[in-house]
Amino acid sequence: GQQLNQSPQSMFIQEGEDVSMNCTSSSIFNTWLWYKQDPGEGPVLLIALYKAGELTSNGRLTAQFGITRKDSFLNISASIPSDVGIYFCGTRTGRRALTFGSGTRLQVQP
Amino acid sequence: GAVVSQHPSWVICKSGTSVKIECRSLDFQATTMFWYRQFPKQSLMLMATSNEGSKATYEQGVEKDKFLINHASLTLSTLTVTSAHPEDSSFYICSARGGLAGVEDAYNEQFFGPGTRLTVL
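Protein chains in written order, with the numbering used here: chain V, 1 to 110; chain L, 111 to 231.
Mixed in with the good hints there might be a few duds.
Cβ-to-Cβ under 10 Å is the rule here; a few derived chain L residues that face chain V [unchecked claim]:
| id | residue |
| --- | --- |
| 1 | Phe-144 |
| 2 | Gln-220 |
| 3 | Gly-225 |
| 4 | Arg-227 |
Everything labelled a hint here was simulated from the structure, so no lab data went into it.
Just so we're clear, the structure is a prediction, and the values are computed from it rather than from any experiment.
Backbone N, C-alpha and C fix where the C-beta goes; we use that ideal spot for every residue, glycine too.
Whole structure, please, built from the sequences with the hints as guidance.
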């Protein structure tokens, strides 16, 4: 099946620092999504991307759909303690189910 | 809007028993619902795709006779884990997608339930 390579696996940063994570694949996709999952909860959609090259922001979060359609990145600026969680990238083609990356576990030191 | 609920939020059962998990879309009609399983420190793995009024489509390696899925209405899908065993202990998460075919925006993406923690003793 489709495989997404998400990196880094985990990050431990100081409050106020910026964070960057990315997902790559050998396949081309029409959609890139970024979700955040808090412990014991389901994922929550942060940003949805539908066009190659698209750059979209949601507050302190910014995500881009790579030009090649094989990658995407998510940036978090000025991190705060509540940014702690696991961030997943997700992709799909058409209305099919999502394929998720392995996740990036973010910890923020106050 | 776009709220998905799951019930129960956690369940503990004895080996050999069956457990039913409900997934409801509270404020929209979901033509398609998805069931995922997540083991500790791992990503979500799709188990099956459930379309209202038709049989579910299972992913390779997922036993359809063990994980029974029913999507009888546009707001409810159920997953029944039959004859549960300790290796079935996991976090089960559903998602629901409504929206219009051909329309791509964040409102038509999958919205996830809060998950159900299943522990089989």
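Results of checking the hints against the structure:
1. Phe-144: 5 Å, holds
2. Gln-220: With a minimum Cβ separation of about 6 Å from chain V (threshold 10 Å), the hint on L/Gln-220 holds.
3. Gly-225: This interface hint holds because 5 Å falls under the 10 Å limit.
4. Arg-227: Cβ of L/Arg-227 sits 7 Å from chain V, so the hint holds.
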